[in-house]
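Residue numbers (my numbering), protein chains in the order written: chain A, 168 to 382; chain B, 1175 to 1340.
No wet-lab data here; the hints were simulated from the structure. Cβ coordinates follow ideal geometry from the N, Cα and C atoms, glycine included. Accuracy of the hints is not assured; some may be wrong.
[Claimed, not checked] In silico DSBU-like cross-links for lysine-lysine, where the CA-CA straight-line distance does not exceed 30 angstroms:
#	chain 1	residue 1	chain 2	residue 2
1	A	K336	B	K1282
2	B	K1227	B	K1282
3	B	K1227	A	K369
[Stated by the list, open to error] To give a feel for the contact side, a few chain A residues facing chain B, derived at Cβ under 10 angstroms:
#	residue
4	K200
5	S204
6	Y218
7	K256
8	N258
9	E295
10	F299
11	L355
12	R357
13	L358
14	N361
Below are the chains, spelled out letter by letter.
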Amino acid sequence: MTRRIFGKSRQEFSKENRWSKKMNVDTKGQLGKIITSIPIFIGIFVILSFYLVFVIFFFEIRNASLSFGIKGVEFGEILFKEIEIDGVKVNLLNGIIKADLESKKEEKNGRKSDYMFLVKEAIRLKLEKELFKGEYCLMLFQGGGNIIPENTRVAGNEKDIYYKFKDGKGEINYNVLEMSEYQTKGHLNRLIFNVEASEFEKRYDLSYYYGECLK
Amino acid sequence: MKIFRNKRGDVAMILLFVVTLALVVIALFFMASFNSNFARDSEGRNDMMSLIKFYESYAVHDVESAVKETVVSGGLIMADAGLKSRFQEKANKEFTINGLENYFGKIKRGEFEFKHDNAGYLFEMNNLSFAVDSGANSFERKLDFRIKFNSDGDVINLERFINKVG
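If we strip away everything but chain A, and leave its shape as in the complex, we get (with noise of 0.2 angstroms):
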């Protein structure tokens, strides 16, 4: 029995296909659509470049609106450090709130508190012992906003911290252009929440630093 391919016969299939196996290329067609096909693909080469140079440039220029970073999660501990006053322990957010509520009641009966000197204080010689080499800057800002518009706050006033220390030596540093370049610079975290207690409530803006000091 002869065998079959597509319903023809073997000797029908491949006289049939015989040409197929003839390559019959156009050269001078082929040669002639890539020698017109360079220009194009150079325009399109040219575009995508100029395309890319444009690209980096505006996100260069637009870098500031696109920095997503989670500024304040990292609350440091600094806040939650514990601190000692007057034999009663407190961590520094609560010493800071105690504060308020001290000069509150303080007011109230014409006296002048001293709740957050001890705060700051206590804040210092906790922190003298804890770093022994090296500089750390400790600086924590109340009210938020611009910390030092136009100088007219320094850091020795009652309520900001801003401590210096030197090898286990914490000191007030009341050099305002430095201070400014921590918030010029994004390096302060900041921290917004509303307490109350009776007769009083507070929105606390707290912007914060609490590590090696800039150079």
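Please arrange chain B on chain A, whose structure you already have, making use of the hints.
Below, chain B alone, put in the same frame as chain A:
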């Protein structure tokens, strides 16, 4: 002499050029009209997230320091009930931080466990909820946490289980 040209091939090449140009123009148009408020909006969400993180840190640190004070003030010789009420005294504050009402409420109502555990202590609080609202956005987190302390009231282990985020 009649010259035969493959016009269809040229049209495809020219289209390639034109489409590339059009795509570049469209991409540039989208970039130019990109709403830069997007970054500012995400900053608001970051603030909400960081506030939730702050509430959580506050609660955990507050428990840690109140436990330490309770233990130092004679926790070792107290029964579990006495231990719990002493803890409530130590953790009680004359103020409330907005957003932490649930935490302060649970402390006041005694909705937590604080007991002797082997040679140390165990503190457990469940379903603690923190919520933040900012404009049309709101965010809530519910969590359980368990802290193991040694006999001196120092933290040995802290476990947190987040039940709900959103």
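Comparing the hints with the structure gives:
1. A:K336 to B:K1282: violated (41 angstroms)
2. B:K1227 to B:K1282: holds (22 angstroms)
3. B:K1227 to A:K369: Distance ~21 angstroms between B:K1227 and A:K369 Cα, so the pair holds.
4. K200: holds (6 angstroms)
5. S204: It holds, given that the least Cβ distance between A:S204 and chain B is near 6 angstroms, below 10 angstroms.
6. Y218: holds (5 angstroms)
7. K256: Holds, about 7 angstroms.
8. N258: Hint on A:N258: holds, closest Cβ of chain B at ~6 angstroms, below 10 angstroms.
9. E295: violated (21 angstroms)
10. F299: Hint on A:F299: violated, closest Cβ of chain B at ~22 angstroms, above 10 angstroms.
11. L355: violated (13 angstroms)
12. R357: Where the cut-off is 10 angstroms and the nearest Cβ of chain B is about 8 angstroms from A:R357, the hint holds.
13. L358: Result: holds, 6 angstroms to nearest chain B Cβ.
14. N361: holds (4 angstroms)
When held up to the earlier numbered hints, the structure conflicts with 1, 9, 10, 11 and fits the remainder.
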